[in-house]
Amino acid sequence: MTSPTDKPNDGGVPLPVVPAGASSGAPAEFPPASPAGRGMFGNQGTGDVSGYGGLVRQRQPIEEASRPYGGYFDEVRDALEEAYPAFNDAIEKVVVDRGELTLHVRPERIAEVCQVMRDDLALRFELCSSVSGVDYLGADERRLHVVYLLTSMTYRRRVRLEAAVSVEAPHLPSVTAIYPTADWQEREAYDMFGIVFDGHPSLTRILMPDDWEGHPQRKDYPLGGIPVEYKGAEIQPPNERRSYQ
Amino acid sequence: MTTSNYASERETDEGRVFTVTGGDWDTIVSGTDPINDERIVVNMGPQHPSTHGVLRLILELEGETVREARSVVGYLHTGIEKNLEYRNWVQGSTFVTRMDYLAPIFNETAYALAVEKLLGITDDITERATTIRVLMMELNRISSHLVWLATTGMELGAISIMLYGFREREYILDIFETITGLRMNHAYVRPGGVAQDVPDDAVVKIREFLKMMPKKLKEYEDLLSGQPIWTERTKNVAVLDVTGCVALGITGPVLRSAGLAWDLRKAMPYCGYETYEFDVPTHPDGDVWGRYQVRLAEIRESMKLVEQALDRLRPGPVMVADRKIAWPAQLAIGVDGMGNSLEHVAKIMGQSMESLIHHFKLVTEGFRVPPGQVYVAIEAPRGELGVHAVSDGGTRPYRVHYREPSFVNLQALPAMAEGGLIADVIAGGASLDPVMGGCDR
Numbered sequence: 001m002t003s004p005t006d007k008p009n010d011g012g013v014p015l016p017v018v019p020a021g022a023s024s025g026a027p028a029e030f031p032p033a034s035p036a037g038r039g040m041f042g043n044q045g046t047g048d049v050s051g052y053g054g055l056v057r058q059r060q061p062i063e064e065a066s067r068p069y070g071g072y073f074d075e076v077r078d079a080l081e082e083a084y085p086a087f088n089d090a091i092e093k094v095v096v097d098r099g100e101l102t103l104h105v106r107p108e109r110i111a112e113v114c115q116v117m118r119d120d121l122a123l124r125f126e127l128c129s130s131v132s133g134v135d136y137l138g139a140d141e142r143r144l145h146v147v148y149l150l151t152s153m154t155y156r157r158r159v160r161l162e163a164a165v166s167v168e169a170p171h172l173p174s175v176t177a178i179y180p181t182a183d184w185q186e187r188e189a190y191d192m193f194g195i196v197f198d199g200h201p202s203l204t205r206i207l208m209p210d211d212w213e214g215h216p217q218r219k220d221y222p223l224g225g226i227p228v229e230y231k232g233a234e235i236q237p238p239n240e241r242r243s244y245q
Numbered sequence: 001m002t003t004s005n006y007a008s009e010r011e012t013d014e015g016r017v018f019t020v021t022g023g024d025w026d027t028i029v030s031g032t033d034p035i036n037d038e039r040i041v042v043n044m045g046p047q048h049p050s051t052h053g054v055l056r057l058i059l060e061l062e063g064e065t066v067r068e069a070r071s072v073v074g075y076l077h078t079g080i081e082k083n084l085e086y087r088n089w090v091q092g093s094t095f096v097t098r099m100d101y102l103a104p105i106f107n108e109t110a111y112a113l114a115v116e117k118l119l120g121i122t123d124d125i126t127e128r129a130t131t132i133r134v135l136m137m138e139l140n141r142i143s144s145h146l147v148w149l150a151t152t153g154m155e156l157g158a159i160s161i162m163l164y165g166f167r168e169r170e171y172i173l174d175i176f177e178t179i180t181g182l183r184m185n186h187a188y189v190r191p192g193g194v195a196q197d198v199p200d201d202a203v204v205k206i207r208e209f210l211k212m213m214p215k216k217l218k219e220y221e222d223l224l225s226g227q228p229i230w231t232e233r234t235k236n237v238a239v240l241d242v243t244g245c246v247a248l249g250i251t252g253p254v255l256r257s258a259g260l261a262w263d264l265r266k267a268m269p270y271c272g273y274e275t276y277e278f279d280v281p282t283h284p285d286g287d288v289w290g291r292y293q294v295r296l297a298e299i300r301e302s303m304k305l306v307e308q309a310l311d312r313l314r315p316g317p318v319m320v321a322d323r324k325i326a327w328p329a330q331l332a333i334g335v336d337g338m339g340n341s342l343e344h345v346a347k348i349m350g351q352s353m354e355s356l357i358h359h360f361k362l363v364t365e366g367f368r369v370p371p372g373q374v375y376v377a378i379e380a381p382r383g384e385l386g387v388h389a390v391s392d393g394g395t396r397p398y399r400v401h402y403r404e405p406s407f408v409n410l411q412a413l414p415a416m417a418e419g420g421l422i423a424d425v426i427a428g429g430a431s432l433d434p435v436m437g438g439c440d441r
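Protein chains in written order, with UniProt numbering: chain A, 1 to 245; chain B, 1 to 441.
Hints were generated in silico from the structure; no laboratory data involved.
Some clues are possibly wrong.
Stated by the list, open to error - Stretch-level coverage of chain A by chain B, calculated; a stretch enters the list once three of its residues show a Cβ under 8 Å from a Cβ in chain B:
1) 105–111
2) 153–162
3) 198–212
4) 216–228
Even glycine gets a Cβ: it sits at the ideal position worked out from N, Cα and C.
Work the whole structure out from these sequences, hints included.
Set out below in structure tokens:
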């Protein structure tokens, strides 16, 4: 019986051969590269001891939608294409999923696109409902995504804009000049993900203390937590418990 | 004032007269009131009885006039969004209910709707479950507006209304306790339906409440609406028009008090709101008085909705039929509080090993949610409450972001306060109805 990799098998079930697709030597990798749920007892796998843990789930790539999208989505795309000459350069991908339209925008173009989305009479996305970040660690090279949810109060429509930046150069233009409401929400995205919005009037931390180090919502930032004693037993903090994925 | 060679003075019958023969007029004027030009910076909060929670305001004052106002938030940040990523999807309800602690049912419903949309089971939610959600949300809206009335009254010096508002809110919390087992932080609305059915005595209690409430509302109006101090403190105070609201992303009663009838229950209906009859109250003025009027009117509209929802309650399941999602927990009140019913325990422990395995897997591991992202928004008492949920296909949320109306609305405070009096900062801030638990999450 040979060790599957050079790394010592630290706590998981010893395996005679490397499971298909596995690289860590643990019974199974985390399906998505998420550090959530690294287990107790030094277990790096799923904690599944049934033997089926060697199965690796493949992450489905996000599919580009094809015309017609259905609903008002085609109208929105046509209107944006007409009003914004650099459409083909700025829009990387159009995704329709679960009845929602997502335009993946090149980060340096995001402010221009927002400007057109707000001002064009056929689009009229007056309200920027939400700005938030998502960290797709391991799934995307430009792992930090900024997600804008625009609402047209005139036409009662919603559109999601998504811009992806890398950790090494997490810069994209601020949309505060177009949507003043994005001010605090961009500050939150900076605070939690370290995304830098160029042109923001005062990009400082908002929820975490000013002298905090790191950006807590990134996937490689640990949850922390301390063990709790309950009826004589020590309960691990949630990020150290053995868990399913 | 120092004597100078360009302004001499003489006494006349009408008082002292200055003769100015040149020089700088400003030096003369400022010489009479050295306080006038001086700006002081006042730090208000985060522990202050009238900032509506742990909100900190930094005010630059000139006399009693506010020249600049900045708000500082984050004192109640508890990392709920990060914590959610380490629990399974069902456990999420228990966390999100603690965000905006005055509107827990809304937090839960928005979360449940988002998870259901990710699962693609939105159409499978039973009619009874949806009706119960509407019923609970509208009761919650009333209780939230009552707390607004109570705390705003207190902050503006009307202590009686504070007691009355909290008293009636307690009645609603009693109803919640009958239905969910808890006064607050219910974790009642869950992905797939609601945790348990509405008991019959709760319906009786709600009917009693609906009978009692109109009288109470009249009492509040008798107490406040005609009262000169209340009108002085609220009319033409902290005005924000529709343009300002939309630019700053302000939704909810504040936007409606400026005259725009934007209500997600009408504009982008969810939970079958399009089948209910109710109006969206608005007010033309966009001041604190308008917000007071709109919220009182909304309590009345919510009572209409509660009544309609009660009439629609037909017997039926309150959870989706899919046993891969619905918890098998038949809950009942036992000697040690709420827990699995004795019949259910007897079944899984004595009769069916498969049931036990299934129960165990579903509770410890949870269900898997297909990868993707959704945004679901509902009309909370404070405005648009949006949930941006991302799944990677696992049993835990990959990312959940709450678009909290308290957080977004607080950005309007400088626009309302600057140029006004310091006392109006309190009125303006209170009229936004920020809940810091929701704002900071």
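Return the numbers of the hints above that this structure violates; sort them in rising order. Hint check: 1 fails alone, others pass.
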